[in-house]
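Novice: Okay, here's what each chain looks like letter by letter:
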Amino acid sequence: MQNPLHIEPQQAFNEIATFQRKLAAGLQNLRGLGEQDYANTPREAIHSEDKLTVWHMKGHHKPTAKVPTLIVYALVNTVWMTDLQDDRSLVRNLLDQGEDVYLIDWGYPDGADRWLTLDDYLNGYLDRAVDAVRHRHGLDAINLLGICQGGTFSLCYTAMHPEKVKNLVTMVTPVDFRTSDNMLSHWVQNMDIDLFVDTLGNVPAALMNWVYLMLKPLRLNQQKYVSLVDILDNPQELKNFLRMERWIFDSPDQAGEAFREFIKLFFQQNSLIKGDLQIGKQPVDLGMITQPVLNIFATQDHLVPPDASRALQQHVGTTDYTEVAFKGGHIGIYVSGRAQREVAPAIHQWLRERGA
Amino acid sequence: MADQANEFLKDYQAFAQQSWDAWMRYLQQQSGPSNPFGVGATAMPQQGDFLARSMASLKAYGNWLQQAASAGLGQQPTNPWQQPAAMQAFLSAFNQPFAQTIAGIDSASAFGLDHQWQAWLQAMQQAGTMGVPGMAGMPGLSPQMAAFGITREVQLDQQALAAAMQKYAQINARYQGLLQKVNAQGITKLQETLAQHGEPGKQVESLKGLYDLWVDAMEEAYAEMALSQEFRDVFGAMVNAQMDVRKLQQQQTEQVCRELGIPTRSEVDSLGKRLQQVRRELKTREQAQSTPEASLVHTLQVEIAALKRELAASKGETKVRPIEQASGSGNGNGKPGTPSRRTKATRSAAGKRK
Numbered sequence: 000m001q002n003p004l005h006i007e008p009q010q011a012f013n014e015i016a017t018f019q020r021k022l023a024a025g026l027q028n029l030r031g032l033g034e035q036d037y038a039n040t041p042r043e044a045i046h047s048e049d050k051l052t053v054w055h056m057k058g059h060h061k062p063t064a065k066v067p068t069l070i071v072y073a074l075v076n077t078v079w080m081t082d083l084q085d086d087r088s089l090v091r092n093l094l095d096q097g098e099d100v101y102l103i104d105w106g107y108p109d110g111a112d113r114w115l116t117l118d119d120y121l122n123g124y125l126d127r128a129v130d131a132v133r134h135r136h137g138l139d140a141i142n143l144l145g146i147c148q149g150g151t152f153s154l155c156y157t158a159m160h161p162e163k164v165k166n167l168v169t170m171v172t173p174v175d176f177r178t179s180d181n182m183l184s185h186w187v188q189n190m191d192i193d194l195f196v197d198t199l200g201n202v203p204a205a206l207m208n209w210v211y212l213m214l215k216p217l218r219l220n221q222q223k224y225v226s227l228v229d230i231l232d233n234p235q236e237l238k239n240f241l242r243m244e245r246w247i248f249d250s251p252d253q254a255g256e257a258f259r260e261f262i263k264l265f266f267q268q269n270s271l272i273k274g275d276l277q278i279g280k281q282p283v284d285l286g287m288i289t290q291p292v293l294n295i296f297a298t299q300d301h302l303v304p305p306d307a308s309r310a311l312q313q314h315v316g317t318t319d320y321t322e323v324a325f326k327g328g329h330i331g332i333y334v335s336g337r338a339q340r341e342v343a344p345a346i347h348q349w350l351r352e353r354g355a
Numbered sequence: 000m001a002d003q004a005n006e007f008l009k010d011y012q013a014f015a016q017q018s019w020d021a022w023m024r025y026l027q028q029q030s031g032p033s034n035p036f037g038v039g040a041t042a043m044p045q046q047g048d049f050l051a052r053s054m055a056s057l058k059a060y061g062n063w064l065q066q067a068a069s070a071g072l073g074q075q076p077t078n079p080w081q082q083p084a085a086m087q088a089f090l091s092a093f094n095q096p097f098a099q100t101i102a103g104i105d106s107a108s109a110f111g112l113d114h115q116w117q118a119w120l121q122a123m124q125q126a127g128t129m130g131v132p133g134m135a136g137m138p139g140l141s142p143q144m145a146a147f148g149i150t151r152e153v154q155l156d157q158q159a160l161a162a163a164m165q166k167y168a169q170i171n172a173r174y175q176g177l178l179q180k181v182n183a184q185g186i187t188k189l190q191e192t193l194a195q196h197g198e199p200g201k202q203v204e205s206l207k208g209l210y211d212l213w214v215d216a217m218e219e220a221y222a223e224m225a226l227s228q229e230f231r232d233v234f235g236a237m238v239n240a241q242m243d244v245r246k247l248q249q250q251q252t253e254q255v256c257r258e259l260g261i262p263t264r265s266e267v268d269s270l271g272k273r274l275q276q277v278r279r280e281l282k283t284r285e286q287a288q289s290t291p292e293a294s295l296v297h298t299l300q301v302e303i304a305a306l307k308r309e310l311a312a313s314k315g316e317t318k319v320r321p322i323e324q325a326s327g328s329g330n331g332n333g334k335p336g337t338p339s340r341r342t343k344a345t346r347s348a349a350g351k352r353k
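Read top to bottom, the protein sequences are chains A and B.
When we follow numbering that gives the first Met the number 0, the leftmost residue of the first sequence carries the number 0, and every step to the right adds one.
When we follow numbering that gives the first Met the number 0, the leftmost residue of the second sequence carries the number 0, and every step to the right adds one.
Pulled out of the complex, with its shape left as it was, chain A reads as follows:
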C-alpha cells in the first residue's frame, strides 16, 4: 500500500496561494452587490390579517385550472423559497402549467403574537385564508399544497375541515416525528419546553438558525463558504449564492405558544400518528382525510427524513394516495435544476387527473 496522500510541497503551496488570491480578488466582487431580490412574481394581496397576507400569484397566461391551489408554508423561514428567483421558482412553474396559485405569507411574529396558539393559526388564520380563496372563486373546496411544517398544518386542517379541501399535496412534510434518523426530534426529547418558552417568549430566529447550522456544522458553516471562493469571480453564481443566504437567514421568530404546542404535541408526543392530537377543541384524525393525497418527499432530506414523510400512507384515510420520491434534499426540491423539470409538472399532472 502506498501513501494515500500524493501532494508535493510546491503543489500544496500553489493550491493555497491560488485560494488566497481568489479570495482576495473575489472579495472586491462582493462590493456593490447588496441585497439580492427574490423572483418577485407579480402578485396581488387578496386577504390580510394581522401579519398574515394571502397573495394571488399572477402568471403570464390565464390559469386553466378549475380549482385554485393555496400554498401553506411553514412558520420557520419564509414562503419565498417557492419563488426564489426567475429560473428557480416552484410558483412560476406551477403558473406556467396553468395552475391558479395562492400562497400564505405568515409574516414576522413579534411580542403581540407571543400568545398565538396552533388553534389560532389553523382554525383561525389558515381557515380564514382558505375561506378567502374559496369565496373568491365561489367554491366549496380548494386544493392545499403544504410544505414542511406547513404540510403538517395542511394535514391537520384537512382532517378538521375536510369539506373545504378538494385535493391535498404535501411536500417534505413530517408525519412521524420520532423516526430514528430525525436529529431535530432527537435533540428536543429531553428539553423542558415549558421552561424554554416561558424563558424566551417568542423563540428567536437566530436560535433557530443556530439549530439548523448545528445539524451539519462543518458542511453548513465552513465547507459551503470554502466553495463560495470558487464562484466569487462569477457574478451570476455569486448573486444566486447570496440570494439563498438571504433566504436561509431571513427567518421569522416563532410565536411562543404555538412553538410550545408544536414541539410537545408533534415532536415529543408524536400525537399526529398516535391519533390523540387535539388542536383547540377539535380532534385531529388523519383517517378523516378522504381527499386525494399527493405526498412528495426528498430522498436526501436531512431535516425531514423520508421515513418521517412516508408514514403518512399508513395513517391517512384516503384510498387515493400517491407518493413521489424526489432525488434531492430539503431545499433542492425547490431550487435544483431537477426540481424545475420534475416537481411542478408532477403536481400539475396529478391535479389534472383529479379534475382540478
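Hints listed in this document are in silico derivations from the structure and should not be mistaken for laboratory results.
For glycine and all other residues, C-beta sits at the position ideal for the given N, C-alpha and C.
Don't take each hint at face value.
[To be verified] What the simulated footprint calls covered on chain A by chain B, stretch by stretch (three residues with Cβ under 8 Å from a Cβ of chain B suffice, anywhere in the stretch; the number is not a length): (1) 9 to 19; (2) 106 to 114; (3) 197 to 207; (4) 214 to 220.
[Said to hold, decoys possible] 20 Å max Cα-Cα, derived SDA-like pairs, lysine to any residue: (5) A:Lys263 to A:Gln277; (6) B:Lys272 to A:Asp197; (7) A:Lys263 to B:Ala236; (8) B:Lys58 to A:Gly25; (9) A:Lys280 to B:Glu191; (10) A:Lys280 to A:Arg127; (11) B:Lys282 to A:His46.
Model the placement of chain B on the given structure of chain A, informed by the hints.
Specialist: Just chain B, lined up with the frame of chain A:
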C-alpha cells in the same frame, strides 16, 4: 526533503499571515463611519465585526490548510501508513479545527451564552445589584451561605443564579467533551477512508481533496454522536440549564426595572395574553353571529340551484337526465353514507353543465 518542507512551511506561514491581515484591513475599511448613536452604543459591534465573524469560517479553513501543510503530508520518504507514530503525528493536526468551528457558530449566535454572561454581569454590577465581594467574577454568590438581613431576598436570588451558572458550566463541559469525542472518532474515520486511497490512481492529490474527506469523516462521526442517547441527554440538560440561567437573569433584571418604574416583560406578556384571549372571544362571537346568515345564504343557493335544475328539466329533459343518472349511479352503490364531497362534486358538475 525535510529542508524543503521547512522552507515551504515558512513561506506559507508568512504568506498566510499577510493575506489574512489584508482581508482584515479590507473588512475594516468596509465597516463605514463610526457609530452614529454615540457613547451609549459603543458596545455595539460594527458591521466589519459581524462580517469578520462570517469570514471566520474561511479563516478556519486557512488554519486547516496550514495545519495540514505543517503536518508534512505526503512528504515522507517512507510510507507513514505503516508507522503508527507518524500517522498519529499527522492526524493530530486535525484535532482543533472541528472544535473551533463549533465554537465559532456558538459565539456568533444568540445561543452562545458565555459572551452574554460577561456583559450581563457587568451591567448588573453597574446597576448595583451584584456588588458583594466573593466568588471570582460572581461576588458573594456562594450557594452555601445562609441568607439574612434586609437584603435576604436579593442574596437568595443571587445564590440561585450562582448555582444555575455552575450547573450550566458543568453540563457545558460534558457537551464539550462529547465534541472532543467527535474529533477523535472523526480522525479514526478519516484514517479508515484514507486507507482506501492507497492504490495508484486513487491517491489524494490536493489539499482541497483531503479537506473534503476530512469534512465527510467529521460529519459522519458527528451525526453518529448527535443521534446517540448520551448526546440527547446532555443536549437537553444543557438547554435546560441555560434556560434556568436566563430565567434567573431575567428575574433580577425585572427587579431592577420595577425599582426604576420601567415596564417589564412579564407585565407586557400578561397584557398580551389577556389581549389575545379577548381577540379569540371576539372572533368566536363574530363567527357565531355570521354563521346563521351564511347558513341561510347557502341554503338559499342550494334551493335556487335545485329550482334551476327543475326548470331546465321541464324545458329539455334529455339534457338533465344524464346528470341525474350520473348522480344516481354515483350514490347508488348500495353503501350508506356516501362521502358528501362526491355529492358536492356532482352538484358542481350539474351547475357547470347549465
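Novice: Taking each numbered hint in turn, which are not upheld by the structure, reported in ascending numerical order?
Specialist: Checked against the structure, the only hint that fails is number 9, while the rest are satisfied.
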